[in-house]
Amino acid sequence: MSTVYNLKREVEKPVRLTGGHRLCAGCGAGVVVAGVLRALNKEDRAVVVNATSCLQVSTFMYPYTAYMDSYIHSAFENSAATCSGVEAAYNALKRRGKVEGTVKFITFAGDGGTYDIGFQSLSGAMERDHDMVYVCYDNEAYMNTGIQRSSSTPRFARTTTTPVGSVGQGKKQNKKDLTEILVAHHIPYIAQTAPIGNFRDLHSKSYKAIYTEGPCFLNVLSPCPRGWDYPMARLAEIIKLAVDTCVWPLYEVEAGVWRLTYIPKKKLPVEDFLRPQGRFRHMFQKGNEWMIEETQAYVDQKWERLLEYTGA
Amino acid sequence: MSHRLSGNEAVAYAMKQINPDVIGAFPITPSTEIPEYFAQYVANGEVNTEYVAVESEHSSMSVCIAAQAAGARSVCATSSCGLALMYELLYVAASCRLPITLACVNRALSGPININHDYSDSMGGRDAGWIQIYAENNQEAYDNFIMAMPIGETPSIRLPVMTCMDGFVTSHAVENIELLETDVVRRFIGEYNPEHYLLKKENPLAVGPYDVSPYYMEHKVLQAEAMKAAKARILEVAAEFEKISGRCYGLFEEYRMEDAQLALVLMGSTAGTAKAAVDKLRENGVKAGLVKMRVFRPFPGEELARVLAGTRAVAVMDKSEGFSANGGPLFAETRSALYDLKERPYLIDIVYGLGGRDVKVEDIEKVFSRLANIALTGEIGPLYTHMGQRSKEEMA
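Residue numbers (my numbering), protein chains in the order written: chain A, 1 to 312; chain B, 313 to 708.
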């Protein structure tokens, strides 16, 4: 990679995720996947691994694949183990002179396939030190099955299994902090990112993850217009608001060193992120001000802690 | 060369001779010794297999699926709940047409937890699309594992193969065994060179699509056709294997069946006990015989019907319950196979040996004496019974 990032040059590379896939307009997943794969050096091959997800059913519906590289999907909860199997095969065949060239291994899974059902498989693969990248495209619920809560769903969010009613007020629990759990695996590189602005943050973290030897993990915020209930044209704006309110801080942990990669010029109130999304609509009803206050306090506390960890 | 090995060591030794590309390894009694022995071969530099010590059986099958799709020959071993944890992926492996080889050391399924032998684990996976081959003893466990790859990897078949042996009875008992020379095994197995694989440079491959109604059924029919074709291939490989080993295998073994009037159909190590009972009865002039099923998937229904056509009464012995309320899985297959015969023998099912309960020569003799009575009176009595279970009074 050239030291100076240039979006124009990057998007002129041949695409690895082609258009014509069936993801919704205004969905973050396609943007995230195309952005991560763009970080591959042109001459390198990749094997893309995918957990069962919106992404899987939308990008590889028989007989069409949207990937220019080899691709494998096996099940919902085993994408990390699947990636480790491909990497193991590569090592074995390389040793026996049966495969040539550099091949990179990149897994994509949603938050359900990562935070919940695929968590054991992910933890195991990271511990085993496979040379692979695991990318969670985090849309904060089971969207493929129709918007059910996951352990990544934030507090108060409305989903079909955490509905709002006369007693229920959306999800009761806070979002699991998966990125920090991955940090506790002491793998070479962990980052939290999102496709904002000219995609520099997503690109440089993807490049580092792909070209750092050993297991690397990216947690990428990936809004869902159906589940989050926002007009599809506002995708980029919603992501930017998540970052500028510090709901989704951008940071990385490289060889154990924490570093913030983006500090908002002006930290916006959390309401700015919540208001455009239907899943949080009930929080703005009269008498529910406490929900916004508690959300703000939670975000502030986590942000302060992150500032402390990163020495920012 | 003659050796003394346990069933587990025999299978691990076959794996060493094969030197597969990838193994997905996870411990579970009684198959644990297989990855243990193999780890030592890796540590000694006797193989250069990629040893992936996963965190569950689910992941070991996931690793095997991915590695095989990537172009590698992959193997694993498991038992009981470990196989049950793989069930979802057994279907994925078969539908992706990946000829993985799995050594299943049969053990009862929980619950209650029990570590001893029956077939509830592999019978639970019988409809997953895997070829299943069962061994009576250590020699067969070794031989079946070596025959698995030439069967499964055949381009017209491309199905995963599960070679099964009885937990503890076969896996842990040490027996005399004839091993082949490693170079003979390697020549017999050959190189694994699939036409399409993930790591192939020239032509990227996508595996595991979302398959919609206009295509799914065609894919399932292709799988079904491959399973049908596997029967002939299993026999071809057996014939080739006989040339290098002198040992002869079929879809099942017929023991003293030529003129048999009373017969048993069963699997695995119980066959040894049953052969002793048959011999004893034959000495007393009873025309007893035995069919030991070797290949359960594909099920050799027509061949079995031909062999049983001349008998008067048959007992199927099922070493797994099945909970169909209509007899065990081997019984269901056998009864279905006999339907097309013009004259059918009387048929009963005996479920026995669950959770490792022992079966003796006398127990088998009792089954034959019941068959003799059925043949004489034409009254079969209860269709399906459990052998040797104690009454409430005995249990108290």
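In short, the hints are calculated from the structure, not lab data. One or more hints might be untrue.
[Said to hold, decoys possible] To list a few chain B residues with every Cβ distance to chain A over 10 Å, as calculated:
{"id": "1", "residue": "368"}
{"id": "2", "residue": "386"}
{"id": "3", "residue": "516"}
{"id": "4", "residue": "520"}
{"id": "5", "residue": "689"}
[Claimed, not checked] Ranges of calculated distance between the beta carbons of each label pair, as one might list FRET restraints:
{"id": "6", "chain 1": "A", "residue 1": "214", "chain 2": "B", "residue 2": "351", "range": "16 to 26 Å"}
{"id": "7", "chain 1": "B", "residue 1": "513", "chain 2": "A", "residue 2": "214", "range": "18 to 28 Å"}
{"id": "8", "chain 1": "A", "residue 1": "233", "chain 2": "B", "residue 2": "527", "range": "32 to 42 Å"}
{"id": "9", "chain 1": "A", "residue 1": "281", "chain 2": "B", "residue 2": "527", "range": "55 to 65 Å"}
{"id": "10", "chain 1": "B", "residue 1": "531", "chain 2": "A", "residue 2": "269", "range": "25 to 35 Å"}
{"id": "11", "chain 1": "B", "residue 1": "531", "chain 2": "A", "residue 2": "212", "range": "37 to 47 Å"}
In this text, a Cβ means the ideal position worked out from N, Cα and C, and glycines have one as well.
Violating hint indices (sorted, rising): 1, 2, 3, 4, 9 and 10
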